[in-house]
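Kindly produce the complete structure, drawing on both the sequences and the hints.
All the letters of the sequence shown, read from the start, carry residue numbers 1 to 1130 under the UniProt record's numbering.
Treat the hints with caution; some may be incorrect.
[Claimed, not checked] Straight line, CA to CA, 25 Å or less: simulated SDA-like cross-link-like pairs of lysine to any residue:
#1 260 <-> 175
#2 950 <-> 940
#3 260 <-> 270
#4 901 <-> 945
#5 150 <-> 210
#6 260 <-> 230
#7 749 <-> 701
#8 724 <-> 741
Rather than coming from a laboratory, the hints here were simulated on the basis of the structure.
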Amino acid sequence: MLPPYPIPRRDHLCAGKQHLLTTMRLWIPLAFCSALLCLAMHAQSYTFTTLAGEWNKGSRDGAAAVARFNGANGVAIAPNGLVYVADLANSTIRAITPAGVVTTLAGVANVHGCIDGVGSNALFHNPSALVVGPSGDLYVADSNGHAIRKVTPAGVVTTLAGGPLRYGYMDGPGTEAQFSYPRGIAVNATGVIFVSDRSAHTIRRVDQLGNVSTWAGHGGSAGSADGPGDQARFRDPEGLAIDAAGNVYVADINNHTIRKINPAGEVTTLAGAAGESGFADGPAANARFFCPTSLAIDPAGAIWVNDAINRAIRKISPEGTVTTVADTAGEGITIDPNGVLYIAADDRIKRLESGSVLSVVAGPTDSYTSRNGVGANARFVQPIGSALAVDGNLYVTDSGGYAIRRVTRSGEVSTLAGLLGYPGFRDGSGYAAQFRDLRGITPDKEGNLLVGDGRTIRKVTLAGAVTTIAGADGEDGDTDGPAASARFRAVDGLAVDSSGNIFVVDRGASTIRKISQGIVTTFAGMPGETGQDDGAGAAARFRDPMGIVIDGADNLYVADTNNWKIRKVTPAGVVTTFAGHTSTQGANDGPIGIASFFNPYGLAIGPNGALYVVDLAGDTLRMISPDGFVTTLGGSSAHRGETADGIGTAARFYGPMGVSVDRFGIIHIIEYYTNLVRRGVPTGARTAVISSNPAEQRVVEGTAASFSVAASGLPAPQFRWERKRIGDTTFLPLAEGGAYAGVETSTLKVSSPTLIMNGELYRCVVDNGIGAAVASTNVSLFVIDLPDITTQPTSATVRLGATVQMTVSATCSKAMSYEWYRNGEILSGATSRTLTIPDAAASEAGQYHVRITTPDIAVDSQSAVIAVEGTTPVAGNGRLVGPDIVHANGHIYDQVLLEGKAVVVTADQQQMTRTSFLDLDGDIVQVEFSGSGSLAVVLMDNSGPAQPEKYNQNVSYAKGHAGIVITGADESTNVSVFSVGSITAIDQGLFRAGVEYDGLADIGFILISSRNGRFGGIRTGNAVYFGSDGLTGIYAPGVQIVGPVVVGDILAFDNASPTMIFGDANDVRIAGGGMDQPNGQPVRVSGISQIRFVDGMNSHARPLPAQLTTARFEQDGQDVTDAILVGPTH
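Structure follows, in structure tokens:
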């Protein structure tokens, strides 16, 4: 069944047209051509295949069963018994002998043109109807040729009236006359020809000399009015028949009536009611039809009607009673002298005898009906629209199957709603629902499907429940208002905006309607008035609009099919011409103002923002890029009427009407004439493959977690994260927001996870539309209850031999154990909440913290400082080896040699005390201390005493990594640390030849407490602080440093925290170091007004230039780097 409205197939391809197109191309500048070529070369190439359906059509001569037709439409019988067929889509005239042998009388299959000649030298352009004249010649309504052609029984073709490239309306002689898609034709006993000029809404009269006049109707004026000649009105007239008295009968398709024109030209309505579609037998005035397309008159004078949408053969008796003869229908019908009805239907020629016996005269004998199945085993009948739903499936309006069909990615076809092969109109669920005239389809905001069904809009849930939401079956009109009382002419495309408003293409009225909160209004265009005017609202004009789509900004794009353009309608209703040449049909690519279309129909917007257009008459898929360039992605206007898989323009489409583009950019095309669903994927497409799976996450409650996956494929994979809670049986997709971000990216972020989420499983489903989606491995999220430390250990200063005690308190839902650390080393046996040191020795000085461990996690307390005051000048493992030594520079100092783990020294108020040991690198380190208070040096990882390996000295030192603790200090107290080198040693004979000295002292930390909150200076520019646990650096909370603070560098490894904490320090220098932390931790600072990075020097006079730093400095968790660093530091 061909669509019951004008779908002109193509423009003429005669020599004149080709010359015109060639001439038009010549003026384009070479540079512009190069730009077009460059753009075309970079367009994505697509490979097209057949996803579902089978095409059982073609053009094959031969015996009845092997013959094939393609769009068999008009049918006529000659006195000698030959049956002639207007094979519309093949653009040929076929003949069938009484024995059933099929031949091609004139034209060439799939070659469309406008050339007179003999047999295959002649060309037609979608002939739709034919009739045998009194002389035995055929007269043909060459619909897209806009001409009336004459064909002799020998196949000689001439043009009687009208002509190629002359779409229009004009009376006159022969080829000076103009037609607008002539669709029906009849001839009287005297040889006068009558033509239904469909788009002109008139009945034309052609005499044997080719003179054309208007017999009834007024050119370009649609309506339904009885009366004489010019006063009468028709709406898209098609089939014609003439009785013995010379009365002309008209199938007034979109008025749903049968009209009669007497020999005087007076028009009356014989049967049906104008504008009231339906299905009812009875007296002619009470009968109802739905798009009658063709007529025939039997020897008894009864009129036979092909009632297309009702799929029935109806008969009007001479007395005016309408009955239904057969539940079948087709395109064209005719009756032989014996009263046998011939029907062109489903690309077969059928014969109906005795009113009920139906047989196939020519064409496939198997019945081609819609059926479910997979791939080529599935069947559609004239599918039109398509939409992709939230479930990822494609849904197709199977117009000839009267159902909504579901097509999966693998090509499995099933029926969502409607009873296959049985038209009707009924709400219900699944097969209990019925449809009559399915066209456009789109998803709504809730995930349901909206479909255009004749004069109504129906809603279909994905469970198959059907309801009618606007319009009324069989009642047409242009009435706005509440949805149930609004009326439509013929609904085609549908679109839904971001607010849920529904936009409807009312192709029968050439308007765009809007449904908002249940109220229907006319959004753009004027009912019944056609044209191509741009403008706002009712000032705009369309001509047979079909497809519609909406972009992210709520702009509408409309396929203005018979204006050959794409129109744009803003949310305010302002209509402009978006793409398509203003006056020429064609297939030219290029900028939107130069590109041309034949008959654009279906539209879709892809994820790249491009607009995709299927050109019905051009048999192509076009793309309009976001920057306004039109490219042909598939099909070829030079090879129309063919269907074939292939890459790009090597693929062939035949009658593409629907197009959908999924989120991956994969294209689905619905072919009306071949009953196929085609699929286009990027050339070279590859299935999605996961190369890296997410990893299990263990995080503390409230601490962010993330899962990541890596995948590749073409198209680029997309991601969807899913979760399975404890107790659930299935994974469910996550929604963006709340605790989750990135649910459709390769990385899922979980903010502030709670304990209730502990043990949940997560996975990522990766899909690119090629093959089946793949899921990552399932991984767990473990949310840990972090112990809450309510009481931290406190710092203390004790005298040697005293008892010190520290306590920690914590709460947690899990069992906790405790382990105390001193200076980063585990204290054996210290596993309770309270640590007691009964007899404080020098080695007890340092930083303490406790590690609290649960089955899930370990957490450290804050550090506390235990400072030990000496009762003698030297206590612990130190030995005073040289009191009152006079240095070469005149300074007097006491020399203490550290021979074990720790020493506590109390400086002489009048001079300094120097304590010596070996660091872990084997360098001799000197710690100079002066002023008030006590200083403890505690060695971690200590060994010795032993003689130094790197020096010529007969002295034994303890060796280890030093922590320094100072207590009882004031502004007179100073400390400095340096390595013994060539510039700090008097005896240069200390150094051995061939030994590499780094000239830097390695220590762990300096901890300071003050009796009055002040301290002198810290000079450690020749020292590097480092550690792997606890704090490393300087920790003097609440202490004002009145002198300079000079540090060589601080390096934190593993779990260590780099630290520079003071109460106040306004002269802090980093001498030659960069402060860049190996463990990536920020440097904790406090009380520092500025830090300068300055030149330094090791103890062997090797310069250490000032460094640029990438370190981050934080105070109370806030980044203060830029606030405290001065000079060219980073």
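Here is how each hint holds up against the structure:
1. With a CA separation close to 28 Å, the supplied pair residue 260 and residue 175 exceeds the 25 Å bound.
2. The hinted pair formed by residue 950 and residue 940 meets the criterion: a straight-line CA distance of about 21 Å does not exceed 25 Å.
3. The suggested pairing of residue 260 with residue 270 holds, with an alpha-carbon distance near 6 Å, which does not exceed 25 Å.
4. Note on residue 901 and residue 945: the hinted pairing holds, with a Cα-Cα distance of about 10 Å set against a maximum of 25 Å.
5. With a C-alpha separation of about 10 Å, the suggested pair residue 150 and residue 210 falls inside the 25 Å cut-off, and the hint holds.
6. In summary, the hint linking residue 260 to residue 230 is supported, as the alpha carbons are separated by about 14 Å, within the 25 Å threshold.
7. About 14 Å separates the Cα atoms of residue 749 and residue 701, which keeps this hinted pair within 25 Å; it holds.
8. In summary, the hint linking residue 724 to residue 741 is supported, as the alpha carbons are separated by about 17 Å, within the 25 Å threshold.
Comparing the model with each earlier hint shows a violation of hint 1 alone; every other hint is respected.
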